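Heads up: the protein sequence lines correspond to chains A and B, in order.
With the first letter of the first sequence counted as 1, position 175 gets the number 218 in my numbering; the numbers rise by one all the way through.
With the first letter of the second sequence counted as 1, position 274 gets the number 308 in my numbering; the numbers rise by one all the way through.
Source of the hints: derived by calculation from the structure; they are not laboratory data.
This structure is a prediction, so every number in the text was calculated from the model and none was measured.
Take these hints with a grain of salt, some might be off.
Cβ-to-Cβ under 10 Å is the rule here; a few derived chain B residues that face chain A [stated by the list, open to error]: (1) 72; (2) 97; (3) 115; (4) 120; (5) 155; (6) 189; (7) 289.
Derived coverage of chain A by chain B (criterion: at least 3 residues anywhere in the stretch with Cβ under 8 Å from a Cβ of chain B; other residues may be distant) [unchecked claim]: (8) 152-162; (9) 226-234; (10) 400-413.
For each label pair, taking beta carbons as the anchor points, the in silico distance ranges come out as [to be verified]: (11) B:88 to A:94: 53 to 61 Å; (12) B:271 to A:389: 28 to 36 Å; (13) A:408 to B:271: 38 to 46 Å; (14) B:88 to A:59: 49 to 57 Å; (15) B:232 to A:396: 20 to 28 Å.
Don't be surprised by glycine CBs; every beta carbon is placed ideally from N, CA and C.
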Amino acid sequence: MPNSRLPPFDESPPRPEAPRSVYRAHGYIGQSGRVVRPLPAFAADAEALIALYRWILLCRHFDTRAVALQRTGQLGTYAAATGQEAVPVGVAHAMIDADVLIPTYREAIAQVMRGARFDDILRYWGGDERGADYAATPARHDFPPAVPIASQVPHAAGVAFALKHGHRNGAAVCFIGDGGTSKGDFHEGINLAGAWQLPLVVVIVNNQWAISVPRRAQTAAETLAHKALAAGIQGVQVDGNDVVAVREVLDHALRAARTSHAPCVIEALTYRLCDHTTADDASRYRSDAELREARKHDPVARLRTHLQHQGLLDASAERALEADCEATITHAVDAYLATPSRSTASIFEHLYAELPAELVRQQARLAETDHGP
Amino acid sequence: MARKSSGSPRFDDTHTVVEAVNLALARALDDDPQVVVFGEDVGVNGGVFRATLDLQTRFGPTRVLDTPLAEALIAGMAVGMAAQGLRPVAEIQFAGFAYACIDQMLNHAARLRYRTRGRLSCPMVLRTICGGGIHAPEHHSESPEAMFAHIPGLRVVVPSTPARAYGLLLAAIRDPDPVVFLEPTRIYRLFRQAVKDDGTSLPLDTCFVEREGDDLTLVSWGAALVEVRAAAEALAQQGIESTVIDVATLKPLDMATIVDSVGHTGRCLIVHEAPLSGGVGAEIAAQIGEHALLHLLAPVTRVTGHDTPMPLARLEHAYLPSAMRIEQAAHALLRFE
């Protein structure tokens, strides 16, 4: 019998023994902001830590402004990441240009860290597809936000296959929420990654709530990371509010994916401090007491306290950083609001590489009847 | 290992539809290193119908791959692969199982170019077999073309001869947009035809006019053309000359060819195997009404499957459009005053 069924790539290293348990990653910065374990090498660099803090802070400022824009009728429905910023920031910080990001709708900050612009993100949520046409690499080869739940995991498996097939030194990094792990697409994607040993890292952002359904009602699995075990790949749990831990775990997972095509599922434990979207009212389904408790784990406060304890961020530096974030976001909002309208005819563009005759006819008919909004 | 090879080599240039599919896949794999063929049982087994026979042996296990049994995954991974520069050709074993792919095809494959304003695109082919008449088990004889044809951004192609299977599949693989390629099982081995394996594709988005007559226009696609051709021949024996149009690409439709013919004949009979309501035939009839109403000498008529599930084998005959039903409908059209 030819050994052509497994693995699909002749040069693949021997398949590692399937993991039997979930690995719980160390935390580095505790809830109080104190270091509970010697920091990894990258975090010993003050500038790197300040840079991470700036991204987290930018995310918080951006979300605040985006929600304000929505409330004043200047943006469509928006899904903020308030409370869970350390996950996308830590993940994107560990990625290299050759990696490919496959996000959901809540990882705008990771997209920006990859080269998308805040005004792109606003255009997208403001109802303009041009907001998903990122100009700069590496965002340019990344996927746009996936709105349907879990259907992006098979894409990520396909991307991981393409990376391995093309001998490109990159990994596919796919985000999914806790609710998304209940869907078949998630299991099908990680199952393939295990069977074919694909360079895929799936990051489950476990923010405890899938709109109104709590994590405990979603599954009886002990942890969401345990779902990796059925796919024969490593599952890792990490404190998603500790950006250093997230970054460190991703760095390890991505190196393993790139060098030995080992896939991994990482469950980042965090909490959505905001509504699911601007169309949601989380007070309908969760208590103030729970929210108060969750706020104690706020990733922004935790890193800020740590930096202050280390003497890396005094009051004036913090004010400067806040002002810098505010100016960056204001600049993006101005660019978004100044975006010229698209022509009505452009709704037919980019559907096919070349416009079929029937669509030419429909486009002409629209031009005759369109009287504007 | 000795491998079973049910498609014995032939030394002439005639081929069945399934052999033509195999030739086109081999040609595409040979021509373009970015082409990757995958699905359930396509590798070692060569496909349950042998459409991918010997491709893994020839092109290796990194380009012709057996996937896990997961249809949504197969379509979804093709999206990821295509967006990264590969040319994935995914096989779904039976169209009844391709419904699991509709989420991926509709929400992602069909609109990746659109939602990124051309930054990413999805040049993938989703191949599956369709249609009844082979006494297959439940769910193996479906005709889902209208479901896919309703999706903006897709192409839906159905070949009806070996030469068209070869040329259209090559065109589908080379097309920069996603294509659903439906191969009618019933004609997989029904007849042979000369197929020149020279890598020449046939145009998409274009009907094929098979015969021309002044009395009525018969519009069809896929396996149903077998009965349409037989009916046209029987009608010709009675002095009734038909134009026979193989639509071939169901999305987007080449209405110009159909409207032009109906403008000339004034009578149109649409024949398809899929259920009547909301089928592609309804779209064609509506557009004829829109563009050729004053040329019509009789209402546009359809002979189709029924709005029922495809029955199991014993009653398939009552479902499939027969040459007799087509002939009777043609006579009714000609009698209409």
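For each hint, the structure was consulted:
1. 72: Because about 9 Å separates residue 72 of chain B from the closest Cβ in chain A, which is inside the 10 Å limit, the hint holds.
2. 97: holds, 8 Å
3. 115: holds, 4 Å
4. 120: It holds, given that the least Cβ distance between residue 120 of chain B and chain A is near 5 Å, below 10 Å.
5. 155: Given a least distance of 7 Å, the restraint on residue 155 of chain B holds.
6. 189: holds, 8 Å
7. 289: Since the shortest Cβ distance to chain A is 7 Å, the answer is holds.
8. 152-162: Since 0 is below three, the answer is violated.
9. 226-234: holds (count 5)
10. 400-413: n = 3 at 8 Å, threshold three: holds.
11. B:88 to A:94: 53 to 61 Å: holds, 55 Å
12. B:271 to A:389: 28 to 36 Å: At roughly 54 Å between Cβ atoms, residue 389 of chain A and residue 271 of chain B fall outside 28 to 36 Å, so the hint is violated.
13. A:408 to B:271: 38 to 46 Å: Since the Cβ atoms of residue 408 of chain A and residue 271 of chain B sit about 44 Å apart, the hinted range of 38 to 46 Å holds.
14. B:88 to A:59: 49 to 57 Å: Since the Cβ atoms of residue 88 of chain B and residue 59 of chain A sit about 33 Å apart, the hinted range of 49 to 57 Å is violated.
15. B:232 to A:396: 20 to 28 Å: Holds, at about 25 Å.
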